[in-house]
Amino acid sequence: MVREYTKVNQLYRWRLIFIVDRILFRFFILWYSCGVLLVGFNLLPSWLEWANAVFLIAAGVLGGFYFYREYKIFGLLFSFFVFFSTILVEYLGVQYGLFFGHYFYNPDFGLYIADIPLTIGTAWLMVIATTHALVKPMALVVKQPFFQWIIYAIVGAFAAVIMDLILDPVAANVKQYWVWHGDGLYYGIPFSNFVGWFFIALTLHALLWLGVRYLKRTKSYHPYWHSRMVLLYILMIAMFSIIAFINNIFFAPLLTIVLMSALVWVYKRTRRSQ
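With the first letter of the sequence shown counted as 1, position 111 gets the number 111 in the working numbering; the numbers rise by one all the way through.
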């Protein structure tokens, strides 16, 4: 009798967890759809600018949920680490021009701490979570653990840079969320920005894989969140590409879509083989 009660209790618990996860993801999809329409076609009124911050927070929360569901307490702690460490890195970038080049954030870009929007931490969490889900199967093609780690970290860093190839031109040149001091060949963005993105993503991915290996979870895939993280990676690039096309920016979205498509193709091939 006790055993049956425990099984029913556990079943209701899992159903509740699944319902919470579905509600969270569907809320994001609703907010995302409204954002594509309002931001993409410049229909967002000034009094609704706070919706941009909610969008980035929601995207980061999805990434955090994925890490927690997949890796439990380690995933939760790693999510907080990504959030706070990237805010620190961005602070050093704004104050001293380290990592990315010289730039500053627009004052209306959400809540701030030390001249850095808190939403930047959640945005980085989304980037690391989505690229982790996308690249993880590719690393497992290699059998030797050390080379798994190297391939995962490098390809994960490239996947993050691919996303930034469309994020930065739109965020800086179309929406003016941040402003660069100086110039660069790629839509006025300094090359150091992409180098900084690569090495920061490389470091975070390298640390994440060490933790995943320690947990012996390199071959596990969450049945609900893993595929949705890959979808989120595609959706983010699609949204910024749409905004770019509407504002007569063509090379950045085309380049990003081609590179993203290649990554997704490799992801699907390696996922099927497992």
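Treat each hint with caution, since some may be false.
Label pairs and their calculated CB-CB ranges [stated by the list, open to error]: (1) D183 - T203: 26 to 32 Å; (2) P145 - L111: 39 to 45 Å; (3) G97 - K216: 17 to 23 Å; (4) W50 - K143: 45 to 51 Å; (5) F245 - F146: 26 to 32 Å; (6) R272 - D183: 41 to 47 Å; (7) F250 - F18: 17 to 23 Å; (8) V179 - L88: 32 to 38 Å; (9) F18 - L76: 27 to 33 Å.
Hints in this document: simulated from the structure, not taken from any laboratory. Glycine included, every Cβ here is placed at the ideal spot set by N, Cα and C.
Results for each hint:
no.: 1; hint: D183 - T203: 26 to 32 Å; result: holds, 27 Å
no.: 2; hint: P145 - L111: 39 to 45 Å; result: holds, 41 Å
no.: 3; hint: G97 - K216: 17 to 23 Å; result: violated, 41 Å
no.: 4; hint: W50 - K143: 45 to 51 Å; result: holds, 49 Å
no.: 5; hint: F245 - F146: 26 to 32 Å; result: violated, 42 Å
no.: 6; hint: R272 - D183: 41 to 47 Å; result: holds, 44 Å
no.: 7; hint: F250 - F18: 17 to 23 Å; result: violated, 42 Å
no.: 8; hint: V179 - L88: 32 to 38 Å; result: violated, 21 Å
no.: 9; hint: F18 - L76: 27 to 33 Å; result: violated, 19 Å
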